[in-house]
Structures are given as C-alpha cells and as structure tokens.
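There are 2 protein chains.
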Amino acid sequence: MLIKDPLKIEVQRGGYRESLHLVHAVVTDSSGKVVEGWGDIEFLTFPRSAVKPLQAIPLILSGAEERFQMSTKELAMACSSHGAEPAHLRVVAPWLERIGCGVNDLECGSHWPSHDESAHDLSRAGNYPVPLHNNCSGKHTGFLTLAKQRQLDSKGYIHPDHPIQQEIRSILEYMMEIDLINAPMGIDGCSIPTWGIPLKAIAKGFARFATGGQLTKEHKAACEILRSAMVTEPFYVAGTDRHCTTVMKAFGGSVVCKTGAEGVFAAGIPELGLGIALKAQDGTKRAAEVALSHILHQLGAKPNDPDFSIEQPLYNRNQCNIGSVRPVE
Amino acid sequence: MLIKDPLKIEVQRGGYRESLHLVHAVVTDSSGKVVEGWGDIEFLTFPRSAVKPLQAIPLILSGAEERFQMSTKELAMACSSHGAEPAHLRVVAPWLERIGCGVNDLECGSHWPSHDESAHDLSRAGNYPVPLHNNCSGKHTGFLTLAKQRQLDSKGYIHPDHPIQQEIRSILEYMMEIDLINAPMGIDGCSIPTWGIPLKAIAKGFARFATGGQLTKEHKAACEILRSAMVTEPFYVAGTDRHCTTVMKAFGGSVVCKTGAEGVFAAGIPELGLGIALKAQDGTKRAAEVALSHILHQLGAKPNDPDFSIEQPLYNRNQCNIGSVRPVE
Numbered sequence: 013m014l015i016k017d018p019l020k021i022e023v024q025r026g027g028y029r030e031s032l033h034l035v036h037a038v039v040t041d042s043s044g045k046v047v048e049g050w051g052d053i054e055f056l057t058f059p060r061s062a063v064k065p066l067q068a069i070p071l072i073l074s075g076a077e078e079r080f081q082m083s084t085k086e087l088a089m090a091c092s093s094h095g096a097e098p099a100h101l102r103v104v105a106p107w108l109e110r111i112g113c114g115v116n117d118l119e120c121g122s123h124w125p126s127h128d129e130s131a132h133d134l135s136r137a138g139n140y141p142v143p144l145h146n147n148c149s150g151k152h153t154g155f156l157t158l159a160k161q162r163q164l165d166s167k168g169y170i171h172p173d174h175p176i177q178q179e180i181r182s183i184l185e186y187m188m189e190i191d192l193i194n195a196p197m198g199i200d201g202c203s204i205p206t207w208g209i210p211l212k213a214i215a216k217g218f219a220r221f222a223t224g225g226q227l228t229k230e231h232k233a234a235c236e237i238l239r240s241a242m243v244t245e246p247f248y249v250a251g252t253d254r255h256c257t258t259v260m261k262a263f264g265g266s267v268v269c270k271t272g273a274e275g276v277f278a279a280g281i282p283e284l285g286l287g288i289a290l291k292a293q294d295g296t297k298r299a300a301e302v303a304l305s306h307i308l309h310q311l312g313a314k315p316n317d318p319d320f321s322i323e324q325p326l327y328n329r330n331q332c333n334i335g336s337v338r339p340v341e
Numbered sequence: 013m014l015i016k017d018p019l020k021i022e023v024q025r026g027g028y029r030e031s032l033h034l035v036h037a038v039v040t041d042s043s044g045k046v047v048e049g050w051g052d053i054e055f056l057t058f059p060r061s062a063v064k065p066l067q068a069i070p071l072i073l074s075g076a077e078e079r080f081q082m083s084t085k086e087l088a089m090a091c092s093s094h095g096a097e098p099a100h101l102r103v104v105a106p107w108l109e110r111i112g113c114g115v116n117d118l119e120c121g122s123h124w125p126s127h128d129e130s131a132h133d134l135s136r137a138g139n140y141p142v143p144l145h146n147n148c149s150g151k152h153t154g155f156l157t158l159a160k161q162r163q164l165d166s167k168g169y170i171h172p173d174h175p176i177q178q179e180i181r182s183i184l185e186y187m188m189e190i191d192l193i194n195a196p197m198g199i200d201g202c203s204i205p206t207w208g209i210p211l212k213a214i215a216k217g218f219a220r221f222a223t224g225g226q227l228t229k230e231h232k233a234a235c236e237i238l239r240s241a242m243v244t245e246p247f248y249v250a251g252t253d254r255h256c257t258t259v260m261k262a263f264g265g266s267v268v269c270k271t272g273a274e275g276v277f278a279a280g281i282p283e284l285g286l287g288i289a290l291k292a293q294d295g296t297k298r299a300a301e302v303a304l305s306h307i308l309h310q311l312g313a314k315p316n317d318p319d320f321s322i323e324q325p326l327y328n329r330n331q332c333n334i335g336s337v338r339p340v341e
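Protein chains in written order, with the numbering used here: chain A, 13 to 341; chain B, 13 to 341.
Do not rely on the hints blindly, as some may be mistaken.
Remember, identical chains collapse to one label, so a pair may be satisfied in a single copy or spanning two.
[As the list claims (entries may be wrong)] Derived pair list, reagent style DSSO-like, types lysine-lysine, alpha-carbon separation capped at 30 angstroms:
hint : residue 1 : residue 2
1    : 160       : 16
2    : 297       : 16
3    : 314       : 167
4    : 20        : 297
5    : 261       : 167
6    : 167       : 229
7    : 16        : 229
8    : 261       : 232
Keep in mind the hints are simulated off the structure, nothing from the lab.
Throw the hints in and build the complete structure from the sequences for me.
Structure (structure tokens):
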C-alpha cells in the first residue's frame with residue numbers, strides 16, 4: 013500500500029490560490045486493511061462528533077430503542093449534530109419527555125442554533141437558547157435514554173467515570189479494536205470525553221459500522237438499524253445545507269457519513285465494504301467536506317444527484333461567486 | 013537574513029495537539045529590508061481587509077477629511093472591519109448622512125452583524141441587516157466620502173475600473189512600492205478588488221504607514237493622522253473581544269494592526285520602525301491572531317496590559333476551559 017502525500021484542498025479567489033489545507037485521510041476495510049492513504053494515516057485524531065453513530069450503538073444493544081419505541085428520526089438524531097431547526101426540536105423535545113426527562117437533565121450546555129435562520133427566529137421570538145438547541149442534544153437524549161434503560165442516576169453522565177461514558181468508551185473500543193484506557197483524553201464541546209485515536213482505527217470502526225463486517229450478530233444488527241436510520245432520515249443527522257445531509261441525500265443511501273468538529277469526517281460505503289476517516293490538519297470544516305467528496309469520487313462512489321459537486325462555490329456579500337474550495341489535482 | 017520555518021500554531025485539547033496551523037510571516041523596515049522571516053515571505057497574499065488603513069489614505073490626501081470635518085472615530089472606522097455594534101452604527105450612519113449619502117449608496121452588500129449579541133439584538137427588534145451592518149461599511153463610507161470630494165458619480169465605485177478603485181490601487185502601489193496592474197486580482201467579500209501581493213510588500217507598506225519612513229511629507233502626515241486615529245479609538249477599528257482592538261488597547265498605542273479575512277494580519281511598530289505581515293496558510297483567523305501576538309512578543313514589544321496573553325483559551329458549551337490555541341515553541 014503506497015501512502016500518498018496529504019490531500020491538498022485549496023481556496024481559490026479569482027482563479028488564484030488564496031489558502032491551502034492539508035488533509036490526512038485513510039480508507040480501510042472492516043479488518044483494518046488499508047486500501048488508500050494520504051498523509052499521516054495514524055494521525056492522532058479526536059474524532060469529536062464523527063463517532064456519534066458508534067456512540068449510539070448501546071441504545072440498540074441495551075434494548076432501549078425497543079422499550080422506548082424509538083422512531084427512525086429519533087435514531088437518526090441520536091447520531092446527529094443538528095442545526096436546531098424547528099423540525100429537529102420537534103423530534104428531540106417529545107423524545108426527551110417520553111423517557112421522563114426534561115431539558116435540565118441535558119448536561120451538554122447551550123448555544124444558539126447552528127442553523128442561522130433558526131437562531132434568528134429564536135431571537136425574533138424573544139427567546140434564548142437552552143440545551144435542546146445544542147447540536148448534540150440528540151446524542152445526549154440518547155445518553156439519558158440509555159441511563160433510563162440501565163436504571164442509572166443520569167446525574168453527571170457526561171463524566172468519564174460515569175457508567176454511561178464507560179459503556180460509550182467500551183463500544184468505541186470494540187468497534188475500532190483499540191484500547192482507550194491510556195489514550196489521550198480531551199473534553200468535547202458538549203462536555204463528554206473524546207479520545208485521541210489513530211485515523212486508521214476510526215476508518216476501521218466506520219467500515220465495520222457500515223458493513224457489519226467482523227462484528228457479532230448483535231452488533232451487526234444494531235449498526236444496521238442505525239445506518240439505515242441515518243440514510244433514511246439524513247436531514248435529522250445534520251440539517252439544511254449541511255454536508256452530512258447533502259452527501260447522504262446525494263448518494264441515496266449508498267454512503268453513510270458523519271462529521272466532527274475540527275475538520276473530521278468519517279464515512280462508510282457498504283457496497284464497497286469500506287470505511288473512510290479524514291482529518292484536516294488545521295481543523296477546518298470546508299477542507300474536510302471537500303476532501304470527503306473528493307475521496308468518494310476517487311473510490312468510484314456515484315451520486316444519484318447529478319448536481320452534486322466536489323467543489324464548493326464561495327460567494328461575497330452581494331451573492332456573486334468569487335471563488336471556490338476545491339481539491340488540488 | 014535567515015528565514016525560519018513557517019510559524020506553527022497548535023490547537024491543544026486536554027494538553028494534546030488536535031490541529032496545527034502553518035503561518036508565513038515577515039518583518040521588514042520601511043525600506044523593505046527583511047528583519048525576520050518565517051516560511052514563504054513572498055507568499056502571494058490577498059491582503060483583504062488588512063490594507064484598509066492604506067486604502068483610507070486618499071481621504072486625507074484629497075482634503076476630504078478636512079472638508080467633511082471627519083472625527084477621530086470616523087477615521088478609525090474608515091480603517092475598520094467592525095462588528096456592527098450599536099456604537100459603530102452611531103458613528104457610520106450620521107457620517108454617511110453628513111456627506112449627503114444614504115444606505116443604498118453603499119455597494120458592499122449586507123450581512124448580520126459579526127458581533128453576535130448585536131446580531132441577535134437586531135433580530136429581537138424584528139429587523140434585518142442592511143449595508144450599514146456590513147463590517148466594511150466604514151471603509152465604503154470612506155469611498156463615498158472620497159467620491160464626493162472628487163466630484164465623482166459614486167455609482168459602481170466598487171468596480172476595478174471606477175476612478176475610486178483606481179485611486180485606491182494607486183495608493184497601495186505607492187505604499188508598497190509594487191505594480192498591481194498585472195497582479196492577480198480577486199473580488200473581496202464587500203465586492204471591491206483585492207490584489208495578490210507578496211507578503212513582504214505588505215509588511216513594507218505597514219512599516220511605512222506606521223513610521224512615515226520613505227514617504228513624501230504629505231503621505232507621512234496622512235498616515236500619521238490615520239495611525240493615530242486607530243490607536244486612539246481601537247474599539248472603532250473592530251469591536252468587543254476582537255483581536256485588532258485587544259492588541260491596540262493592550263499595547264497602548266505602540267502597535268497599530270489590522271486583520272484581513274483568510275488569516276491575514278498586518279501591523280506596524282513605530283518605535284522599532286518595523287512592519288509585520290502574516291498569512292495563515294489555511295486562512296484561519298485563530299492562527300493569524302496567535303501568530304501576531306507571538307511575533308510582537310518575539311520582537312520585544314511590551315503590552316501595558318499585564319493580562320494580555322499570546323495563548324488563547326478555548327471553552328466548551330458549559331464554559332469549561334478545555335484547551336487553547338498557542339504557538340509551538
């Protein structure tokens with residue numbers, strides 16, 4: 013396996029390079045065999061929200077999904093970094109209520125909806141954000157659902173030594189075949205632990221998630237339920253004009269993907285039996301997005317949507333196209 | 013002159029490196045002599061808003077500043093990328109009116125105030141952004157003021173072939189000793205042309221701006237009026253919690269600086285006779301900001317404010333400090 017140079021993604025303005033991003037990326041099968049690699053395929057990566065689909069697996073394994081009759085949209089939102097658009101809140105809020113919890117049980121903190129229009133609508137109504145608007149509120153409602161199922165006091169569920177986070181760590185370890193006990197640990201935006209993991213292991217985890225390869229029958233079934241929910245309801249994984257949603261819609265279910273803060277993307281292509289993990293070295297979202305589209309194209313994945321473009325146009329304040337973000341060929 | 017490797021600015025989470033930025037930077041005197049350099053000191057850079065102070069020079073040279081009795085705050089705002097906080101609007105709006113123009117004469121386009129709280133206050137009042145809220149509205153009001161003084165029809169003043177942009181290009185050429193006729197041209201966020209310029213020339217331009225070195229008496233006096241306005245009213249150059257404002261406040265007038273989109277910073281230190289220009293290769297603001305603070309420290313510039321820190325702390329959604337952006341020593 014020849015590992016290539018890091019992927020180069022450039023921002024061009026007026027046809028000239030304005031900025032340049034380097035992206036480390038790797039494609040593996042579910043055994044962890046490297047199929048393609050660019051840059052440092054062992055790059056120690058905090059996957060952040062990119063592993064939300066894996067963090068949701070215990071919801072299925074524990075029986076919580078069945079007991080609480082979770083809908084497809086709720087399952088998609090357990091794996092989401094959503095924009096807090098009204099449609100997202102209409103799924104998370106009743107789910108939280110149904111499990112007997114309230115907004116104050118969410119320990120993720122608050123921020124304005126990441127979907128700008130929804131943020132301004134909230135202001136216009138004279139309101140302020142609550143933890144429901146946090147992009148991670150679906151995942152956290154998943155944690156609370158798991159705590160109910162395990163009959164645990166949910167208080168402090170964000171801490172690394174709480175049984176919920178220990179169960180979450182275990183599922184990551186199982187899916188990626190990695191020991192996280194001594195891994196570098198940081199605290200994520202929503203206050204739960206995030207571990208530094210070699211990029212290669214994240215790709216393997218996603219290959220397994222997407223294909224069920226190398227997994228027990230139970231794990232395989234759980235992953236299939238979640239993957240199916242994500243590609244069936246891609247809007248509920250992210251939202252309007254968000255790359256996760258755009259890609260899953262464009263590829264009509266043949267690609268499952270999830271982004272994470274600081275330029276991370278993870279994806280799986282069941283038909284090819286592959287997982288992808290990438291990290292923009294500089295942590296930029298735009299580089300990670302274009303790199304994912306580029307790699308999907310390189311692997312021969314075909315979008316159903318003829319308008320799907322690898323390159324992302326850039327506009328100025330008068331809505332004129334003044335450049336783009338694109339791979340350097 | 014030994015040119016060092018590009019500056020490395022890292023994002024650490026939990027003490028571990030999460031992301032890494034490379035920054036090209038150069039320090040020159042007003043003759044263009046390189047004093048320090050990191051990375052590609054000729055890096056072709058669209059300076060974007062970093063050259064606003066230079067673009068304001070014709071306001072003084074033309075006599076517009078005198079005729080329209082421009083205040084110190086108005087001069088600072090002619091050089092600004094402001095947050096559209098209420099105090100900013102209270103300066104730009106009456107200035108625009110005084111020169112006999114209205115909001116619709118501004119051709120910069122609209123966007124929500126970059127100062128979040130002001131953006132939400134605007135929504136809460138049931139309003140939407142107009143061109144006054146554009147972070148460049150001070151510079152554009154400067155263009156309109158210059159057009160009045162030159163008795164020009166301001167319509168289309170954003171286009172490269174309009175006399176206003178030709179005068180702006182000429183002053184950049186003079187200040188940086190560079191020919192921009194054949195330079196790469198892009199269109200800026202506010203729709204005016206921005207030229208690709210070697211980083212070294214931007215540093216020279218700022219050394220001249222800050223010190224008056226190598227300039228005619230008239231240019232030297234004009235630069236001194238603008239520099240003095242910027243350091244006297246740093247809030248009006250950017251705003252609350254903005255790096256330009258923070259640095260100029262902290263250094264009590266001994267540093268003049270201006271940022272530009274896509275990771276650009278330019279600065280001048282009159283007492284040392286130096287100009288600084290830097291560009292984060294990946295276009296990130298955080299890298300440019302920390303790199304500027306780091307270089308000021310390396311050059312021995314001393315902040316008056318003991319709380320001024322090179323490192324920038326990072327917080328999660330529960331306001332816990334979870335990492336920082338810092339130079340790699």
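Each hint tested on the structure:
Taking CA atoms no more than 30 angstroms apart as the test, residue 160 paired with residue 16 passes in neither setting, with 47 angstroms inside one copy and 57 angstroms between copies. Proximity of residue 297 and residue 16 under a CA criterion of 30 angstroms is satisfied in both settings, with 22 angstroms inside one chain copy and 29 angstroms between copies. When the C-alpha separation of residue 314 and residue 167 is checked against a cutoff of 30 angstroms, the pair qualifies neither within a copy, at 45 angstroms, nor between copies, at 47 angstroms. For the identical chains of this complex, residue 20 and residue 297 are neighbours both inside a copy (14 angstroms) and across copies (20 angstroms), given an alpha-carbon limit of 30 angstroms.
In the homo-oligomer, the alpha carbons of residue 261 and residue 167 never lie at most 30 angstroms apart, since the shortest distance is 37 angstroms inside one protomer and 44 angstroms across protomers. In the homo-oligomer, the alpha carbons of residue 167 and residue 229 never lie at most 30 angstroms apart, since the shortest distance is 32 angstroms inside one protomer and 70 angstroms across protomers. Taking the shortest alpha-carbon separations for residue 16 and residue 229, neither the intra-copy value of 36 angstroms nor the inter-copy value of 56 angstroms comes in at or below 30 angstroms. Taking the shortest Cα distances, residue 261 and residue 232 sit within 30 angstroms of each other inside one copy (23 angstroms), while across copies they are farther apart (59 angstroms).
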